[in-house]
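S.K.: Chains G and D, in that order, are what the protein sequence lines are. Letter by letter, the first sequence follows residues 1 to 420 of our numbering. Letter by letter, the second sequence follows residues 1 to 233 of our numbering.
Simulated from the structure, these hints should not be mistaken for lab results. You may find that some hints are simply not true.
[Claimed, not checked] The list that follows gives simulated cross-link-like pairs (lysine to any residue, SDA-like), each with its CA atoms no further than 20 Å apart:
no. : chain 1 : residue 1 : chain 2 : residue 2
1   : G       : K317      : D       : P98
2   : G       : K17       : D       : K140
3   : G       : K19       : D       : D219
4   : G       : K407      : D       : Q76
5   : G       : K411      : D       : T58
6   : D       : K140      : G       : T12
7   : G       : K249      : G       : N275
8   : G       : K317      : D       : P118
9   : G       : K411      : D       : Y60
10  : G       : K4        : D       : T101
11  : G       : K317      : D       : F93
12  : G       : K4        : D       : L111
13  : G       : K4        : D       : H81
14  : G       : K317      : D       : N77
15  : G       : K317      : D       : K41
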Amino acid sequence: MNWKLAFTIATTHLLSKKKQTIIAMLGVTFGISMFIIMISFMTGVNQFLEDMAMDNTPHIRIYKPIELREEKIIAEGQPQTDKNWYVLEHQRPKNELSKIKNGLIMGQRIEEMPEVLGVAPEVSSQVFFNNGPVQIPGTISGIDIPSEEKLFSLDKKMDEGSLEELQKGSDVIVIGKGLAKKMNAKVGDRVSVTTPSGNNLNVRVVGIFSFGIAAWDETKSYATLATVQKIMGVDPSYITDLNMKLKDKEGAVEFKKKLQQMYPDAYMEDWETANASILAGTKIRNIMTGVVCITLLVVAGFGIYNIMNMNIINKMKDIAILKATGFEGNDITAIFLLQSLMIGIAGGIAGLAIGWFFSYLLSRTPFPAGEFFRISTFPVNFKLFHYMSGLFFGFLTTLFAGYFPSKRAAKVDPVLIIRG
Amino acid sequence: MSTILKATNIVKYFYEPEKFQVLKGISFDANKGEFLSIIGKSGCGKSTLLYILSTMDTDYEGTLEINGQKTTGQGQNQLAHFRNEHMGFVFQFHYLLPEFTALQNVMMPALKLAKYSPDEIEHRAIEKLRLVGMDEYAMKHASKLSGGQQQRVAIARALINDPTVIMGDEPTGNLDKANSQKVFEIFKQLATENQQTIITVTHDPDFANGSDRIIEMEDGHIIGTHFPNGEHS
Ligand SMILES: Nc1ncnc2c1ncn2[C@@H]1O[C@H](COP(=O)(O)OP(=O)(O)OP(=O)(O)O)[C@@H](O)[C@H]1O
Ligand SMILES: [Mg+2]
Chain G
1 MNWKLAFTIA TTHLLSKKKQ TIIAMLGVTF GISMFIIMIS FMTGVNQFLE
51 DMAMDNTPHI RIYKPIELRE EKIIAEGQPQ TDKNWYVLEH QRPKNELSKI
101 KNGLIMGQRI EEMPEVLGVA PEVSSQVFFN NGPVQIPGTI SGIDIPSEEK
151 LFSLDKKMDE GSLEELQKGS DVIVIGKGLA KKMNAKVGDR VSVTTPSGNN
201 LNVRVVGIFS FGIAAWDETK SYATLATVQK IMGVDPSYIT DLNMKLKDKE
251 GAVEFKKKLQ QMYPDAYMED WETANASILA GTKIRNIMTG VVCITLLVVA
301 GFGIYNIMNM NIINKMKDIA ILKATGFEGN DITAIFLLQS LMIGIAGGIA
351 GLAIGWFFSY LLSRTPFPAG EFFRISTFPV NFKLFHYMSG LFFGFLTTLF
401 AGYFPSKRAA KVDPVLIIRG
Chain D
1 MSTILKATNI VKYFYEPEKF QVLKGISFDA NKGEFLSIIG KSGCGKSTLL
51 YILSTMDTDY EGTLEINGQK TTGQGQNQLA HFRNEHMGFV FQFHYLLPEF
101 TALQNVMMPA LKLAKYSPDE IEHRAIEKLR LVGMDEYAMK HASKLSGGQQ
151 QRVAIARALI NDPTVIMGDE PTGNLDKANS QKVFEIFKQL ATENQQTIIT
201 VTHDPDFANG SDRIIEMEDG HIIGTHFPNG EHS
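Please model the entire structure based on the sequences and the hints provided.
M.R.: And the structure:
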C-alpha cells in the first residue's frame, strides 16, 4: 500500500472541505478538553482530600482500645432449673487503663526499623474545656513536639502562636480554631481542662491551629507529653498511642502484619482502614470521572462516525474513479482512515491545549472554601499522563469511529457509480 | 498479429427492476495495436459490455482474457492492480477528482503504480497533457475545467501508465469537431506506433469509420463487423 499517496489524497480531501473538517475536529476538541478539565480537577480534589487526611493520619497507629472481654463471665451458682449455669447478658466494659505497655520503649524499637520514617508517641484523653461556666467536650493530646513536627507538620497548621512556646512554657496548650471560637478563647487566655476522672488544670492558650477538617478543629488540642500526663495524673511512661509514618505508605498493610507478629498484644490500625470513608469518596469520584469521560469520547466518536459517513457518501464518485484506475480496497480504507485519524489528532491536540488552558484558569480561580479548608484556589492536577491518555483515547476513538465508514468506502462498487 | 483481448460468450443480466438480459452472448477478439469501435443504438448494452471488458464489472457469465491472463474469477484487489498496470479508461461522463489539479489527476494512477519516481511521473504527465492540448491547464483544478477540457484530461490520465488496452466510452462525446479529430489522431497514433489496443464506444460515424474495425451491436447481440479501411491480415 502506498501510504504517502493515501496521505496526500486524504489531506487534499480534508483541506478542500475546511468547514466540514473543522466541525468534525471540534467534536473531538470538545471531548478531549472536557476530559482534561474533568480529570485534572477530579484528581486534584482527590489528591487534596487525600493529602489533607494523610498529613494528619499516621500510616499505622498503635493504641489500646476500650473493649469488651471476649469470653462471657460465667456465674456458677446452685442449679435452680435444669440449667446449671447462667450467662451475664449485658456486661459492661472493664475499667482498664488505655496505656500501651512499655509504649516508649516499643516506640524506640519500631523507630529503628528500616521501613519506618518515624514514630510519634502520644498520650491523649477526653476532656472538658471551660472558659467560664460552660463545659465544652474535646480531646487533649500530649505529644513529642519535634517528632510531631517532622511527621505530621503540625507547625504548618498553626494559625496563631507557635509550637516553640508550647515546647518552652509549662501548663500551656494549643487549641483548634473551631474550639477557640466555641470557647471564645484567644492566644494568651487561660482555660480550664478537666479529665473524666475529675482532674483539673488551668492552662494558658499559646496557639491556635487549623487542619481544615472541622471535626478535628472543633475538638482537638495539643500540649506536651508531660503536661498531659500531669493533667491525667499518670507517670511519664504512660503512652496511649504510637503514631508512625512509613517510608512507603503503600506498604502499610504488610508492615502492620509484621509488627503484629512482633507485638501480638498491641492493637494496630493502618491508614487505609482509618481513611476508609475518604478512600470511598475517591473511588466514587474516579468512577464518575471515568463515566463522564467515556461518554464525552463516545459522543465525539459518534460525531466523527457521522461526518465520515457523510464524507464517504459525498465522495462516492471519487472512490469509484480511484478504484477504476487501479486503487485497491485497502488504499481506499487507508485514505479515509487517515482522514479520520488526522481529524482525531488535530482535534485532540487542540483539545489538550484548550483543556490545559481552562484547567489553568480553574487552578487560579479562588475556591469558596469557607473558614475551614486550607485551600485558596480550586485544586487542579497537571499530569503529563492525563494529557498522554487524552491524546491516546482521542486517537483510539477516531480510529474506531473512522474504521467502519472506511471499510464501507472500500466496498463501493465503481460500476454502480460510474454508470450514473 | 497477436490477440490481446478475448471475450467468449459474455452474458449479463440486470435484476432491477426485473430480471432482464442485457448481453446475450458476446464473443470477439481484439488484436494488439488494433483500433476498434463499438457502435449501436442507445440502450443496446455498449457501456455495459465495456464495463465488463474493463474488469470493473465482475458479475457476468462467460470468460474474459486480457494480455494472456484470464481475468474472469480474479479477486477485486488483483483486478485493481491489473487495471492500474494494463488498462486506461475514458468514461462516458468525464470523471476527474474535483479537488485535484489536472496534473494531479493525470499523475494519480502512475503514483499508485509507482513504477517511476514522482518527478518522472510529473514529467510524463505533462507530456500526456501536452498530447491532448491541456498542458496550459495543468495547474487548474479539475472542477474549474469545462466538460470538453475535463474529457481531454481524462484521456491523458488513461494514457499515463502506457496501458496495453485503452477503453473509451464515447471519449469524444463532449468535444467539438476539431478536438474530436485531435483525439482520434492520438488514438490512431497510439495504436500504430505504440501497438496499444484501443476499444471505444462511439456514436460519431466519422470517428468509427476512421478506426480499423467496427463492431455493431443491437439488443445485446453483435450483429455485424465491418472493416471500414479494408481488412488487413
Ligand atoms: N444498473 C442498471 N440496472 C438495470 N438496468 C440497467 C442498468 N444500467 C443499464 N441498464 C439497462 O441496460 C441497457 C443497456 O444499457 P447501457 O448503458 O449499456 O446502454 P448503452 O448502449 O451504453 O447506451 P448509450 O448509447 O445511451 O450510452 C439499457 O436498457 C439500460 O436501461
Ligand atoms: Mg453508454
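S.K.: Are the hints correct? Go through all of them and say.
M.R.: Here's how the hints hold up against the structure:
no.	hint	in the structure
1	G:K317 with D:P98	holds (10 Å)
2	G:K17 with D:K140	holds (18 Å)
3	G:K19 with D:D219	violated (48 Å)
4	G:K407 with D:Q76	holds (14 Å)
5	G:K411 with D:T58	holds (14 Å)
6	D:K140 with G:T12	holds (15 Å)
7	G:K249 with G:N275	holds (13 Å)
8	G:K317 with D:P118	violated (25 Å)
9	G:K411 with D:Y60	holds (19 Å)
10	G:K4 with D:T101	holds (18 Å)
11	G:K317 with D:F93	holds (11 Å)
12	G:K4 with D:L111	holds (10 Å)
13	G:K4 with D:H81	holds (18 Å)
14	G:K317 with D:N77	holds (19 Å)
15	G:K317 with D:K41	violated (27 Å)
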